[in-house]
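Trainee: Please model the complete structure; the sequences and the hints are all you need to start from.
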Amino acid sequence: MSRDYEPVPGKWYEDLEEEESFRVLKVDEDAELVEIEHLDGEIEEIDLETWHEMDLEPTEEPEGWAESEEEEEDEDEDDEDWDEDEDDEDEDDEDDWDEDEEDERDEY
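Quick note: the sequence shown uses the numbering used here, first residue 909, plus one each step.
Where hints are given, some of them may not hold.
[To be verified] Distance ranges between label pairs, derived from CB positions: (1) Ala939 / Glu971: 25 to 35 Å; (2) Gly972 / Ala939: 27 to 37 Å; (3) Glu968 / Glu943: 16 to 26 Å; (4) Glu971 / Asp938: 27 to 37 Å; (5) Gly972 / Glu940: 25 to 35 Å; (6) Glu957 / Glu928: 11 to 21 Å.
Quick caveat, the hints were computed from the structure, so don't treat them as lab data. Ideal Cβ placement from N, Cα and C applies to all residues, glycine included.
Mentor: As C-alpha cells, this is what we get:
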C-alpha cells in the first residue's frame, strides 16, 4: 500500500522500502525537484514523480541528529559578516572625520 505525503521542508521521512530516514531541505515546485539530506549528510535531489512512488512515512527527527556542517558554517559566516560590516562602518566614520578636519584647514 503506497502512502502519498507531500514533501515539507524541515520534516523527516522514512523510506520504508530502503529503511532509511531523511529530511527534506527544499522543494522546487517549478523544477519539480525535492532536495533531501540523508543521515550520513549526503544531499540528493529527486524529482516529484520519484517522491510519489516512494513508500514514505513521516517520522521524528532522529536522536542525536546534529545540524549539517554546511548549515553551521553558514551561521558562522553570518556572524563574521556582521563583525566585518561593523568594522567597515567604524573605518568610514574615521575617514569622514579626517576629511572634515582637512576641509576646515583649507578654509583658513
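Trainee: Against the structure shown, which of the earlier numbered hints fail to hold, in ascending order?
Mentor: Checked against the structure, no hint fails, so every one of them is satisfied.
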